[in-house]
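Peer 1: Chains as they are written, first to last, in this note's numbering: chain A, 1 to 652; chain B, 653 to 1304.
Be careful, since some hints might not be right.
[As the list claims (entries may be wrong)] Each pair of labels, with its calculated beta carbon distance range: (1) A/Lys631 to B/Ser811: 26 to 36 Å; (2) A/Gln194 to B/Phe1254: 38 to 48 Å; (3) B/Phe1254 to A/Ile371: 51 to 61 Å; (4) A/Ile371 to B/Phe1142: 52 to 62 Å; (5) B/Leu1282 to A/Gln157: 21 to 31 Å; (6) B/Asp985 to A/Thr589: 21 to 31 Å; (7) A/Leu334 to B/Pro1264: 52 to 62 Å; (8) A/Leu438 to B/Ser1061: 51 to 61 Å.
[As the list claims (entries may be wrong)] Result set (DSS-like, lysine-lysine): computed pairs, CA atoms no more than 27 Å apart in a straight line: (9) B/Lys925 to A/Lys618; (10) A/Lys632 to B/Lys802; (11) B/Lys1283 to A/Lys42; (12) A/Lys93 to B/Lys925; (13) B/Lys1283 to B/Lys677.
[What the hints assert, rightly or not] So the derived list for chain B, only partly shown, Cβ under 7 Å to chain A, looks like this: (14) Phe928; (15) Pro931; (16) Val944; (17) Thr1124; (18) Ala1244; (19) Phe1276; (20) Leu1279.
Source of the hints: derived by calculation from the structure; they are not laboratory data.
We treat Cβ as the ideally placed atom computed from N, Cα and C, and that holds for glycine.
Number of protein chains: 2
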Amino acid sequence: MRRLLSKSDPPDLEFQPLVVIEFAKHAKEETREWLVKKIMDKKKDGGSQLLIKPLVISNDEEFIYIVGGSAKRLLLGAEAVGLVKECIDGSMKPFIYNNRKEYKDWTEDGDDFLSMAECQYIIKYELDNLRAQDEKNIPGYPNSKLYPGKSIFRRLQTSGIMIQVFPLHDKEELKRLRHQWYLRIKLAFQPIDQIQHYFGDTLGLYFAFLEYFTMALIPMALIGIPYYFFAWEDYDKYVIFATFNLVWSTVILEVWKRLSSVMTYRWGSLIMKRQFEEPRPGFHGVLGINPVTGRKEPIYSSFKRQLRIYLVSVPFVCVCLYLASYVMMIYFDLEHWALAYHQEQQSTFSSLILYVPSIIYAVVIEIMNRIYKIAAELLTSWENHRLESSYQNHLVLKVLVFNIVNCFSSLFYIAFVMCDMKLLRQSLATLLITSQILNQFVEALLPYWLQKRSSRKIKKKVKSLNVDTDYTLLEQIHLEKDMDTYLGTFDDYLELFLLFGYVSLFSCVYPLAAIFAVLNNLTEMYSDALKMCRVYKRPFSQPSANIGVWMLAFETMGIIAVVTNCTLLGMSSQVSGIFEDSKRDLILTVAAIEHALLALKFILAFVIPDKPYDIQVKLDRLEFESLEALKKNQQMKLSSESLTDDDDAMNS
Amino acid sequence: MRRLLSKSDPPDLEFQPLVVIEFAKHAKEETREWLVKKIMDKKKDGGSQLLIKPLVISNDEEFIYIVGGSAKRLLLGAEAVGLVKECIDGSMKPFIYNNRKEYKDWTEDGDDFLSMAECQYIIKYELDNLRAQDEKNIPGYPNSKLYPGKSIFRRLQTSGIMIQVFPLHDKEELKRLRHQWYLRIKLAFQPIDQIQHYFGDTLGLYFAFLEYFTMALIPMALIGIPYYFFAWEDYDKYVIFATFNLVWSTVILEVWKRLSSVMTYRWGSLIMKRQFEEPRPGFHGVLGINPVTGRKEPIYSSFKRQLRIYLVSVPFVCVCLYLASYVMMIYFDLEHWALAYHQEQQSTFSSLILYVPSIIYAVVIEIMNRIYKIAAELLTSWENHRLESSYQNHLVLKVLVFNIVNCFSSLFYIAFVMCDMKLLRQSLATLLITSQILNQFVEALLPYWLQKRSSRKIKKKVKSLNVDTDYTLLEQIHLEKDMDTYLGTFDDYLELFLLFGYVSLFSCVYPLAAIFAVLNNLTEMYSDALKMCRVYKRPFSQPSANIGVWMLAFETMGIIAVVTNCTLLGMSSQVSGIFEDSKRDLILTVAAIEHALLALKFILAFVIPDKPYDIQVKLDRLEFESLEALKKNQQMKLSSESLTDDDDAMNS
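Only chain A is shown next, with the shape it has when bound in the complex:
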């Protein structure tokens, strides 16, 4: 491991700085000393047995500590969190310290066996699991109550004594990664394994999905091109295109499941046992006994939560949906006005004016989405969910419902109420392109520019300090602590999800959408990479075995797309022409085709195995081995224990 040291450190405090803890300026010395002792204490005394030291700054009232751990401590921590590593025989197994020599990357001294991201994850796990024993409150703060088993770090953060805990970047590795990832201009895949190595599974999976999704859109884009240029408006060709799209979207989602299981098997997270989920930091309630763990913890009645959800959240979401529809109607008024203006003037300027309402509406949609998301977070937090996963599910559901209505309702209205396919095409294009440009700007370029400006200031400030510690480390920590915090992949997946909606919902009307989506994703890859490497603090790595609830969201969108595309086809003038004499036959035919396509989707999803054969064999092998070990254990017991008894029965 590379060791970044403060020059003046005594040799016993030499360790690689991994995680930074920043206290509030008002944090009392008593509290800080207590925490430092807790962190250094032996595991058996209730400590976390890690290494910690303050960052010495002469002229500033900031309390910053850096945390690390001895190599052996981290390796034992890897066993505790259940990290999975590759063995010499090529199989993946949970790391066990005593069997360390069986693992592939093990070297004599164990350095470099764990990646820096893994070490930081282990330290985060250990800090989060530092629990109060007999303390009644945080020393120095009588109002910050503690009870046995309460996570100390969570209490410190919720009571505002600690500002943040974040992992440090590894400047050298980051430089190499950036070079491979986006600095060279090249046509090649992203270095997914290196991204995972540096940022962890969640981000590795996101970038892999982004890349995969882009590749998967290319066939759709290519097939769409001739439709656009030759204006193939005949029935057969559209049916072929729509059918291809619907089957294709099912197949790519199924194939993704297979690919992602190959990746997460290689990374170990597919096998990693999930940890028991603790209450989320913001959860509050009256102290009681948890029926599952038997531990003291805040209890909040599920009935009250249901009341909050059904009496406040659901009505709130409905009101927001109504507002979104209201805004949509204003947009149609504007559109109407612009059309009237153009018909009156017939100038080049007035023909440009035609696009203005759509552009304004696209901007308004973006703004509404962002405001709504903040409201949804507040509301979901107020619902007081006990588990982070349940909080996330409720948040995702709220945000998805609103985003779908907000982004697609105008298109649905144009398609199925106004039945104006020309306007649909135009609106779709404007919405798609405007939202893409806005997103890239707001998400990556703007923060990148702000970040650059502030980092120049900090560099100057750090230079003016007169300190004797390691200059590079000091500058790095000061730069990184003021960076924005990356709040997870939610927004990134949401963007892809909406894009998938634009592409699939109306694909038979606007085949060109896939091309824009591909172009967007190509730039998205670069701007997201820039964002992760230059704009945000390094996030803690998180093990994850799949993309979770987003898979469900994409699959649901695929089903809705079948319904919309079939209806659009049925409404097209070409198809109506075929069934000129009987509307009833037309609609029955369309309904039959729709049901057949839906059935085909389900059968495809059912028939394609979620995991490739070789991964399945490896998982089965792992399970078999653990069952065999259990059986051997019992056989040994049987041989040794029951002998006397059975001998008696048979020989007496």
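Model the placement of chain B on the given structure of chain A, informed by the hints.
Peer 2: Just chain B, lined up with the frame of chain A:
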């Protein structure tokens, strides 16, 4: 435990007879002695450490052995199979012999702790797991090859040396059970827990499901009555009925999942870890190495199996479906002829003739279903699936597809092609009632009568034998070994599934179907009980946590029912009357309602948790405890091992 003893037994061979092994008449003595030795041998020598003795019969050339085990051997076996038992504190935990005093039903000597069915399951498990070591073939039969790890019992059965292995009935317990179950005429629930105690989880679940399904049909039947008597033919009322039915069928399936998890938690099978699945007895191939277990076993290429499935089985099923449709067309010809005859004659006799085609068709359907099932079994067996579960899935799929088409195609044809609702109602009624009567007769009453006749013969024959062993036991074994073998719950679930189809697919046309279904189920309960207790050999108890693939089948039927009912409603003359001016509006409305109902079904299924809160808490608690135990283990390791290393780092 009750001990049934042979009078002349030496005291060291006193044990309760649990399982009977019957050899073929040609079985060589060498082979039988080798097997007896294997069964008695110590576990460490590759035996199964059980007790076995021959049943001595003087004048007959039959080789029958009875198998049992010492109390301690069976308890250790319970630990090996992972049996789950209730602890004193009310929680369910896998049985561990060393902690035996923690379990609720534990008495001083451990008698009665395991039920007879559990003991028989343990013995079956141990016998099935008796594996060849260095034997190259079965002694005495050079052509019956063995290889290390091959199950000896499976080879003995496939090569015809052993005829059968079956568990004995417990006459006293069976008498009590029969009395509680069906001998008293009463209006009460079935003694499900006693059924599970005697027959095991699979049958316990089946009878519980049968009862639950009957109860769940009662509201549908009650609501259907006024529709029938008052001939409520107006739109609103039908829509209400159909909507109620569709929502109801979703709710009852979801509630069943909850109820079944409560039951299987109580029985322990919800928690029981599934065992590693061995190849099924009939599986054959070239000897190779299994990639999962690393053991020698027959290997059969998956590609060849796929070829057999797609090139033979799929075409075969298609031909059968075609034949079924052909028979259906003959039925319509007959129907046509009967109608013409009636119109010509106009007599009472000719009006009875009207029902004849339907009745003949119902009988033909039953016959075709039974023949097809035999063919499907042969074909699926020929496909050479490695695992029993995969064999079962392919068999279920084949049989379901054919049964659905065979039973319902004529109804679909009448409803959607002929659009004759009166004929639909009449056909539905005739099919439903005829198939019910046929089923009860063929499944229970006929075998019961045959069984009674043959048992009289056997009793006479046994009386004529001049033997000195326990007379009762000898008679019991001779009676039971000639009884039919119960082949599992497949046919019973299939019958319920088809019934569910008759009730739900056309519910808005024939509300009375639910009443017939309820009546059928009430008699079905009694005839199935009779069948299990009197007609068939006792089946080996099988742990199972739910009704498996049938849940999926019922849910699929529920989805198809939404489509058929919506279409039927849309086609009814009342509804058409409302949308007189626009067929297009009519069909769009129906399609919208259909999609809304489907969405409602999915949301309901998603919102209703599959397990009740308290069961979920108990499962979580179990998981939490095992994670905590693991963690404690690691902490101990950390405290003892890493001290030296960390002390070095901190103090040096």
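Peer 1: Compare the structure with each hint and give your call.
Peer 2: Hint check:
Separated by about 27 Å at the C-beta atoms, lysine 631 of chain A and serine 811 of chain B satisfy the suggested range of 26 to 36 Å. Between glutamine 194 of chain A and phenylalanine 1254 of chain B the beta carbon distance is about 40 Å. The supplied range of 38 to 48 Å therefore holds. At roughly 30 Å, the beta carbons of phenylalanine 1254 of chain B and isoleucine 371 of chain A sit outside the given window of 51 to 61 Å. Restraint check, isoleucine 371 of chain A to phenylalanine 1142 of chain B: a C-beta distance of roughly 57 Å satisfies the suggested window 52 to 62 Å.
As the Cβ distance of leucine 1282 of chain B to glutamine 157 of chain A is approximately 28 Å, the hint placing it in 21 to 31 Å holds. Taking 21 to 31 Å as the suggested C-beta distance range, the pair aspartate 985 of chain B and threonine 589 of chain A conforms, at roughly 29 Å. In this structure, leucine 334 of chain A and proline 1264 of chain B meet the distance hint of 52 to 62 Å, their C-beta atoms being roughly 53 Å apart. One distance hint, 51 to 61 Å for the beta-carbon pair leucine 438 of chain A and serine 1061 of chain B, holds here, with the actual separation near 55 Å.
Distance hint between lysine 925 of chain B and lysine 618 of chain A is fulfilled; the C-alpha atoms sit about 20 Å from each other, no more than 27 Å. With a C-alpha separation of about 18 Å, the suggested pair lysine 632 of chain A and lysine 802 of chain B falls inside the 27 Å cut-off, and the hint holds. Restraint check for lysine 1283 of chain B and lysine 42 of chain A: the C-alpha separation of about 16 Å stays at or below 27 Å, so the hint holds. For a cut-off of 27 Å, the pair hint linking lysine 93 of chain A to lysine 925 of chain B stands: about 21 Å separates their Cα positions.
Straight-line distance between C-alpha atoms of lysine 1283 of chain B and lysine 677 of chain B comes to about 58 Å, which puts the hinted pair past the 27 Å bound. Interface restraint check: phenylalanine 928 of chain B against chain A, minimum CB-CB distance 5 Å, threshold 7 Å, status holds. A hinted interface residue such as proline 931 of chain B counts as satisfied when its beta carbon comes closer than 7 Å to some beta carbon of chain A; here the least separation is about 13 Å, so the hint is violated. Satisfaction of the interface hint for valine 944 of chain B is found here, the shortest Cβ-Cβ separation to chain A being roughly 4 Å, below the 7 Å cut-off.
At its closest, the beta carbon of threonine 1124 of chain B sits 24 Å from a beta carbon of chain A; the interface hint therefore is violated under the 7 Å criterion. Restraint check, alanine 1244 of chain B versus chain A: the minimum CB separation of about 10 Å is more than 7 Å; hint violated. The interface hint given for phenylalanine 1276 of chain B is met, as the beta carbon of that residue sits about 5 Å from the closest beta carbon of chain A, less than 7 Å. A least Cβ separation of about 5 Å between leucine 1279 of chain B and chain A falls short of the 7 Å threshold, and the interface hint therefore holds.
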